[in-house]
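J.: Based on the sequences and whatever the hints tell you, model everything.
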Amino acid sequence: MSQSGFGLILRTFENRNFAIYSAGSGFSLIGKWMQRIAIGWLAWELTGEAFAVGIIAAADMFPTFIMSPISGAFADRLDRRRMLFWIQFLSMLQAIALAVLWFAGLVTFEILVGLTVLLGILTGANHPVRMAMLPSLVKNEDLPAAVAITSVIFVAMTLLGPAIGAAVFHTFGIGVAFIVNVLGFLAILVSVMMLRLPPQMRAEPHKRGFIGSVAEGIGYVARHAGLRAIIMITLTTSFFAWPVRELLPAISDLMFDRGLNGLTLLLVANGLGAVAAGLWLAQRGKGSQGMVRLQLSGILAMVAALAVFAITRQFAVGLAAMVLLGGGMAIAGTSGQTMTQMSVDPTKRGRVFSLHSMIIGVGPAFGGLLVGALTDRYGVTAPLLVGAGLTGVVWLWAVSQAAAMRTSLEHAAPRSEQATGPAGDALKAAE
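Residue numbers (this note's numbering): 1 to 431.
Please note that the accuracy of each hint is not assured.
Think about it this way: if two alpha-carbon atoms lie no more than 20 Å apart in a straight line, the pair counts; the simulated EDC-like pairs of lysine to aspartate or glutamate are [as the list claims (entries may be wrong)]:
| no. | residue 1 | residue 2 |
| --- | --- | --- |
| 1 | K286 | E410 |
| 2 | K139 | D345 |
| 3 | K139 | E14 |
| 4 | K139 | E410 |
Pairwise CB distance ranges, derived in the manner of DEER restraints [what the hints assert, rightly or not]:
| no. | residue 1 | residue 2 | range |
| --- | --- | --- | --- |
| 5 | R223 | L183 | 40 to 48 Å |
| 6 | D257 | A97 | 25 to 33 Å |
| 7 | A373 | W44 | 15 to 23 Å |
Treat the hints as calculated values from the structure; they're not laboratory data. Ideal placement from N, C-alpha and C gives every residue a C-beta, glycine not left out.
T.: The following block contains the structure:
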């Protein structure tokens, strides 16, 4: 029986595996963001150079671009739960090493870069596996809500992590952030060990070599009208629209001259918009129906928010624009992820989401470099208006693809993740 409203969110958490994993993941994300802020601050303390902070960001980002397709291919061949466990275990060892070296007074900038590269590799490996495993955690009818809830948890922890981190740094010192991150990884390891998952549907590992397997995933997306459009939308919006959020420290100071307090309010406004939109999507209760229209609406909201933010010099209007931008990003992104999860071939799920991981990891960074360079040369308004205009072009293109997207995404039969057969039937009976 269909259900909507807040009851749908509660029903999604009645899925034992999803509730356990969400709890561990939420705590781990707080630790991750605390460490991320701490590493940037530590790089600044060690060198006194803004360029060094940029090197740390690049060390965290570029391994994701390399590791995502590799991890996605393995996620379609191997047991995803075991993969996730070992990725998180190695991440915890990285966090332990950083904590021990810091308390021993042995951290240098070179060591910090090396450990950040290692974490970037593991982060790049983690995302495709995590997204590919999500359908195994819930019943098929709860998947749209689960995607939205996962997005809300990520955004909420993105806000809470730095805020808690700042308070902890001030009270107890930066080293506590590293300890909390170790505990966060321990929490998610425990949650992964507690999961009881049915056998997954896997790609045939011997039909193609590894490179052929990666190419097969790319070819599958290229031939699928709906997934191809979603990937293109994600790529272009992450390059043209998302960099504004990454560059808020510079842009907000140039536009509003409000300092750190103004930046904090703008980031909170953006996050609140995303959380509100994610909660609304989670309780919507209509599966993938109407998701194409929602994604188009989300892109259009981003266009409007960017245009308003570009031309205003009123801080209150800028805050409202950030709320709208966060909501638009959440609606467009979550709708795309939901339609992908509901329609993708389960044996190719990891490889498809590896493309998504590459895009969201690298697109905003490269777009940020371009927008930042243009801002230094031409000021704030022109680059932001160009970004709004190009995002508008993306919206027009998406409108032209809407009919094909509805046919291949909204009207496609949901693709179950669970393998059939005696093993799968036995586990269902046990639960």
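J.: Now tell me if each hint is right for this structure.
T.: These are the hints, each one checked on the structure:
no., hint, verdict
1, K286 / E410, "11 Å, holds"
2, K139 / D345, "17 Å, holds"
3, K139 / E14, "10 Å, holds"
4, K139 / E410, "18 Å, holds"
5, R223 / L183: 40 to 48 Å, "45 Å, holds"
6, D257 / A97: 25 to 33 Å, "41 Å, violated"
7, A373 / W44: 15 to 23 Å, "22 Å, holds"
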